[in-house]
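Colleague: Okay, here's what each chain looks like letter by letter:
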Amino acid sequence: MTEYEIKAKNKFSFGLDELIQYRELFYFFTWRDVKVKYKQAALGILWAILQPLIMMLMFTLIFSKALNVSSDGIPYPVFAISGLLIWNIFSNGLMNSANSMVNNANIIKKIYFPRLIIPMSAILTALVDFLFALSIYVGILIYYHQGVDVAKIFIYLPLSILLTVITTFGLGTFLAAFNVKYRDFQYLLPFMIQFLLFANPVLYSAKAFTNPVINTIMKANPIASAIQLCRSVFTGQEVDWQGVAIGSSVAIVLFFIGIYTFRKTESYFADLA
Amino acid sequence: MKPILEVQHLTKEFKIGAKQERYLSLRDALTSPFRKKTDEGPSNTFRALDDVNFRVMPGESIGIIGRNGAGKSTLLKILSKITPPSSGKIVCRGRVASLLEVGTGFHPELSGRENVYMNGSILGMRKFEINKHFDSIVDFSGVEKFLDTPLKRYSSGMQLRLAFAVAAFLEPEILVIDEVLAVGDAEFQKKCLNKMKDVSMNEGRTVLFVSHDMNAIKSLSKRAILLDGGKVAKDDTVGEVIPLYLSKVKLTNSWDRAASSEQPHFTNVSISIKNEQPNLKLQVTFTVKADAKMNKAFVAFNISSNTGTMIGQAIPNLEPFIDTSFSEQTFTTEIEITGFVPGTYLLGAWIGPHYSETYDWQKDIVGFTIVESPQAGRVFPHAVEQGNIVPFSKMINN
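Protein chains in written order, with our numbering: chain E, 40 to 312; chain R, 19 to 416.
Don't read these hints as lab results, they were simulated from the structure. The reader is advised that the hints may include incorrect statements.
[Unchecked claim] If you anchor each label on the Cβ, the simulated ranges turn out as follows:
#1 E:Glu42 with R:Thr167: 51 to 59 Å
#2 R:Ser104 with E:Val189: 38 to 46 Å
#3 E:Ile291 with R:Lys33: 32 to 40 Å
#4 R:Arg144 with E:Leu236: 55 to 63 Å
#5 R:Glu31 with E:Gln281: 48 to 56 Å
#6 E:Leu82 with R:Ser237: 52 to 60 Å
#7 E:Lys78 with R:Phe146: 24 to 32 Å
#8 E:Ile192 with R:Arg144: 35 to 43 Å
#9 E:Thr41 with R:Asp341: 55 to 63 Å
#10 R:Gln301 with E:Glu57: 50 to 58 Å
#11 R:Asn220 with E:Leu82: 24 to 32 Å
[As the list claims (entries may be wrong)] Non-contacting residues of chain E with respect to chain R, defined by C-beta distances greater than 12 Å in every case (computed):
#12 Ala47
#13 Gln79
#14 Ala309
[To be verified] Here are some chain R residues the structure puts well away from chain E; computed CB gaps all over 10 Å:
#15 Phe32
#16 Gly77
#17 Lys95
#18 Ser105
#19 Arg111
#20 Glu162
#21 Glu205
#22 Lys215
#23 Thr327
#24 Pro360
Yeah, the Cβ is synthetic: ideal placement off N, Cα and C, and Gly gets one too.
From just these sequences and the hints, can you work out the full model?
Modeller: So this is what it looks like as structure tokens:
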């Protein structure tokens, strides 16, 4: 029989064994969030496709038709959607996970399971939306007869998704932990996300940056790398692998900082939430 | 045989003061170095549990009793790993499943079927275990007709039945249950009690449960632990502990608040009994204090029997009538308690601007005793099982 102790301070661990033990909860939380999100909408899960589609049309109208922003030689809708898909995983995932602990406070106060499952499932929910939205992508590619390097799709695209998810996990779990303690993040986050949308080359080409300082920052930015990877599938442009390597390292550091912070503070969530 | 649970020097401290109890805001954290630390110090920590020690052998069923605030729920929360102790430890030699609330994780938008899976997996069941028990769960709950209806269309009784049914099929070595039986209709309560008996006696599981219902404690367990002020006051057989508990429920007819808070709150509640049976009235005088301008508020009074059974809630004015911008006001209300059987009752007071928002809620703060039967000349005894109220009745024809 397993013997264990409940004490004030247990030794720090990432709790991987427990996450594996409770792995089904990832599925149930994600499934619940997806289900509840679209249950009351007449169009249901179709919104997962419509939302990025509307965003794409909106930004095409503003950035391409009105402002004539350069799109690296590919049709602007293709350019925009390849950025927006990655961006939506990041922004929705961040939003969901940052609020997830507070939204699930009633469960946290009444039952124990590895708390990390909550912000992680919140990000997986954003990933499910992404999978549906991917169909627009395919649709647009067909519409524009865009030539695609098939080999790149199966390497670059998964890599860019992985990079985005790792970054979002890191920042999301960090914000989730802080949001329990300081609800201020709930109000700050929308501004942060809006700022990041314009600070990242989602809607415009990364070539627009001419300032060397900004270029260096962009190299360390994992989201910019992910967008670059996702986009190069269509533009055929060379990927700045040095940038991707730096971006990935940053993502992994963020990932561990986020999970470390979360694990350090999680035992007091029930007292604070 | 080794004990399945060893609780050693378990202590849990909380900081008191409204700000810490709620949540911190960034502003407070940023400005705190510049502020005088007026509300720090040992006097402001409250020990919910204070050096609690006991051992539980496998297969034992233990009732945990004590007044509100004695530390029962905190003990269960530590046992279920929801909150860590401040010091001390618990050695566990088995899987613990806790049921601090029925229907944790239930979502109103999901159907009954979906909620069974959601709730079951939150409680720690694997999907194949839920599949295995699904039919028995549905059967036990008696809601099979509504399985595919969203939970929000269920009556509260149906939700409760479904929730308990899921929990009843948990298979841990140690089961920790908070006062979940205090709700639901009598028939269902009986069904739950039998199921719990079955779990502890026939299946040999270890059960720890909190209840205010002394009859439930008596029927489920041989041993009881009485907590008082965070300490173990007595740990013995049910026959020894229950009378001690009942004698400890002291009756006061006036209550004064010790700590202050920023929100509107009660500073004093006092009661007195007016008139005689069958026109018995309870006069409640209460003082409300507010430091900040809040929304208009109204009050509610809960009356429960000293065994923890809720008798009812009195709301003297359904409109918010207390202008909380005044610093201190005193009001007097009258509650009709005609029909209450002889016995001891406790009164709790609530104040808030809306039923969904609470400014202050003080449970079981004052008590009163009724000696006379509501039916003059009644020789027929008032048995506990027959409830606490004698509805007024008369013959139409003879």
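Colleague: Taking the hints in turn, state whether each one holds.
Modeller: Hints, one by one, checked against the model:
1. Evaluation of the 51 to 59 Å hint for E:Glu42 and R:Thr167 yields a failure: the beta carbon distance comes to about 44 Å.
2. For the pair R:Ser104 and E:Val189, the supplied restraint of 38 to 46 Å is violated, since their beta-carbon distance comes to about 60 Å.
3. Judged by the Cβ atoms, the range 32 to 40 Å given for E:Ile291 and R:Lys33 holds: they are separated by roughly 37 Å.
4. Take R:Arg144 and E:Leu236: their Cβ atoms lie about 41 Å apart, and the range 55 to 63 Å is violated.
5. The hint said 48 to 56 Å for the Cβ distance between R:Glu31 and E:Gln281, and at roughly 52 Å that hint holds.
6. Range check, E:Leu82 to R:Ser237: about 54 Å between beta-carbon atoms, so the 52 to 60 Å window is met.
7. The hinted range of 24 to 32 Å is satisfied by E:Lys78 and R:Phe146, whose Cβ atoms lie roughly 26 Å apart.
8. Between E:Ile192 and R:Arg144, the C-beta spacing of about 36 Å keeps the proposed range 35 to 43 Å intact.
9. Under the hint 55 to 63 Å, the C-beta atoms of E:Thr41 and R:Asp341, about 59 Å apart, fit the expected range.
10. Here the CB-CB span from R:Gln301 to E:Glu57 is close to 56 Å, well matched to the stated 50 to 58 Å.
11. The beta-carbon spacing between R:Asn220 and E:Leu82, approximately 52 Å, falls outside the hinted interval of 24 to 32 Å.
12. Against chain R, the non-interface label of E:Ala47 is violated: not every CB pair exceeds 12 Å, the least being about 5 Å.
13. Against chain R, the non-interface label of E:Gln79 is violated: not every CB pair exceeds 12 Å, the least being about 7 Å.
14. Not every beta carbon of chain R lies more than 12 Å from that of E:Ala309, the smallest distance being close to 5 Å; the non-interface claim is violated.
15. R:Phe32, annotated as away from the interface, has a beta carbon of chain E within 10 Å; the closest lies near 7 Å.
16. With a least beta-carbon separation of about 14 Å from chain E, R:Gly77 lies farther than 10 Å from that chain, consistent with its non-interface assignment.
17. Distance to chain E contradicts R:Lys95 as a non-interface residue, since its nearest Cβ pair spans about 7 Å, not more than 10 Å.
18. Non-interface status of R:Ser105 relative to chain E is broken: a Cβ of that chain comes within 10 Å, the nearest being about 6 Å off.
19. The beta carbon of R:Arg111 is not kept farther than 10 Å from every beta carbon of chain E, the shortest such distance being approximately 5 Å.
20. With 10 Å as the threshold on Cβ separation, the claim that R:Glu162 sits away from chain E holds: the shortest Cβ distance comes to roughly 22 Å.
21. R:Glu205, annotated as away from the interface, keeps every beta carbon of chain E farther than 10 Å; the closest lies near 26 Å.
22. The claim that R:Lys215 is not at the interface with chain E holds, since no C-beta of that chain comes within 10 Å of its own (minimum 24 Å).
23. Consistency note on R:Thr327: stated as away from chain E, and its beta-carbon is indeed over 10 Å from all of that chain's, at 23 Å minimum.
24. With 10 Å as the threshold on Cβ separation, the claim that R:Pro360 sits away from chain E holds: the shortest Cβ distance comes to roughly 37 Å.
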